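2 protein chains.
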Amino acid sequence: MTPAGFTGSRLDRADAWRGDPERFAALLADPAARLLRLDGLDPLLEADGTLGWAPLPADPTPLAFLGMLDGAPRFAALGAVPPATRRTRGLEAALALMPPAEAATYAAARSLIDWHARHGFCANCSAVTAAIRAGWARSCPDCGAEHYPRTDPVVIMLAEHGTGDDARVLVGRQASWPPNRYSALAGFVEVGESIEEAVARELFEEAGVRAGDVRFVASQPWPFPSQLMIACIATVDDARLTLDANEIESALWVDRAGIAGALAESEGAPFLAPPPYAIAHTLFERWLAGA
Amino acid sequence: MTPAGFTGSRLDRADAWRGDPERFAALLADPAARLLRLDGLDPLLEADGTLGWAPLPADPTPLAFLGMLDGAPRFAALGAVPPATRRTRGLEAALALMPPAEAATYAAARSLIDWHARHGFCANCSAVTAAIRAGWARSCPDCGAEHYPRTDPVVIMLAEHGTGDDARVLVGRQASWPPNRYSALAGFVEVGESIEEAVARELFEEAGVRAGDVRFVASQPWPFPSQLMIACIATVDDARLTLDANEIESALWVDRAGIAGALAESEGAPFLAPPPYAIAHTLFERWLAGA
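Protein chains in written order, with our numbering: chain A, 1 to 291; chain B, 1 to 291.
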């Protein structure tokens with residue numbers, strides 16, 4: 001089974017060390033310590049598609065301790081970055097090259113850097129905050145509030161109608177997507193609802209279908225900027241669609257042959273599938289495999 | 001199967017209406033509109049344990065549109081609330097009385113109110129922000145950033161060793177808990193990791209056990225202040241424990257009879273189980289039922 005994109009990092013986060021300033025200082029002073037090489041928020045890769053690492057900078061840029069890798073402490077620089085959370089063309093190319101485990105290490109660093117760049121002030125009292133816990137939180141000197149990086153859960157799901165050879169799943173597209181790109185429907189989990197409830201709410205709102213049983217398939221982090229993608233399948237009894245025109249431009253029920261064709265990028269496939277590092281791709285694969 | 005606590009609200013969030021200020025004004029002007037009755041962040045219940053609702057206030061307190069219930073628009077007041085996110089004794093008593101569907105409606109309101117109370121300033125630029133989208137976001141007049149309520153995913157999991165009648169699951173306790181209370185282990189999902197990876201990381205950090213397959217069981221919102229609890233079971237091959245003394249005071253492997261005894265509060269049960277509205281309770285029930 002192909003692992004979900006952005007999973008499988010070889011990094012040991014060693015998060016128990018984050019609260020120990022002496023340990024943090026020792027990690028920073030370690031001659032083996034390395035800094036993740038970035039261009040803004042985009043990765044600078046080695047020729048083999050792995051992440052680039054450099055010696056630590058001499059200037060006192062605040063650094064976040066990503067964890068230990070191959071016996072060496074690994075850091076990311078927390079500084080001014082462009083506010084773009086969208087994927088650049090260079091990044092798209094890099095993601096196609098990077099082994100998933102490297103992309104996973106990159107994802108953690110990118111989300112963390114981006115969060116610091118956009119959360120320099122205390123939301124509770126407006127004071128300037130400072131990085132604490134080896135770069136994994138920020139603390140307010142005025143009101144004492146501590147702020148932690150956001151991880152926003154998103155459900156991404158296939159409605160499934162029928163069983164066995166008659167089974168079909170629902171894919172939809174947004175007007176802004178590339179021509180003929182379709183994917184699983186998705187939406188943020190809100191406060192006060194479960195994953196199962198968010199799946200049912202989004203399927204009904206976007207496509208007018210009523211979810212029965214909801215089953216979990218897989219999850220992945222999505223670092224644009226910091227979602228947790230939770231992939232599910234929901235059985236539906238009635239396949240009639242009522243699309244929310246603000247969200248979904250069109251939607252299709254697709255059978256196993258159609259999904260297999262889309263994943264294989266076959267001529268005559270009913271749609272263009274999302275890239276392998278997107279969990280919608282994993283969700284299609286797992287559905288074909290019986291999930 | 002008992003539903004997970006804080007799920008099953010009868011409220012229709014009607015979230016497609018949130019972006020329409022004219023619709024919001026009409027909902028506020030509806031004579032049937034009602035305000036959730038609270039004492040600080042605690043619910044004021046009717047005699048039958050259901051939530052109390054009052055006519056809308058005459059003063060211009062900012063209100064959040066919770067959704068539609070029994071044909072009437074429902075609101076929560078966004079105002080100064082005590083910063084306590086802990087459960088009061090009064091709340092504990094209320095939670096024991098409330099039907100789960102009522103507790104679910106309350107959970108959404110509580111998390112939303114609490115988030116507004118602690119996020120009045122722009123984390124990006126420090127300006128005073130204002131509620132938008134019918135109370136489901138805040139907008140910064142200076143830098144234009146939009147801020148959405150936090151939903152922080154937490155994994156809560158049972159390590160499972162052995163199969164069939166020999167199966168046992170791992171429960172642990174924190175030093176601050178009531179005497180003999182044990183529960184599933186838990187921890188926040190971090191940026192750049194999947195649910196499955198967070199389960200494995202937390203089990204290894206807290207108990208020194210290595211997770212094999214991870215299976216999802218159920219989820220719930222937890223409104224103290226706004227977690228998404230994701231309950232899983234992870235198989236482990238080696239039952240030897242290495243406890244993180246900072247997190248776990250003691251841990252036990254418990255068989256099916258022990259878990260059943262704890263849920264039934266039997267004399268001689270190996271531990272005191274968490275209350276029914278906690279998903280650890282649901283996780284124990286589902287494990288006994290074969291999950």
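The set of hints was computed from the structure by calculation and includes no laboratory data. All values reported here derive from a predicted model rather than from experimental measurement. Take these hints with a grain of salt, some might be off.
To be verified - Covered, in the sense of this in silico footprint (three residues per stretch, anywhere, with C-beta under 8 angstroms from a C-beta of chain A), are these stretches of chain B:
(1) 9-17
(2) 49-56
(3) 101-109
(4) 115-124
(5) 197-209
(6) 226-234
Stated by the list, open to error - Derived Cβ-Cβ restraints for the label pairs, each shown as a range:
(7) L69/A - N246/B: 32 to 42 angstroms
(8) A58/B - D20/A: 50 to 60 angstroms
(9) P60/B - S139/A: 32 to 42 angstroms
Just so it is clear, CB atoms sit at the ideal spot from N, CA and C, and this is done for glycine as well.
Exercise. Just pull the numbers of the violated hints for me, sorted ascending.
Key: Failing hints, ascending: 2 and 7.
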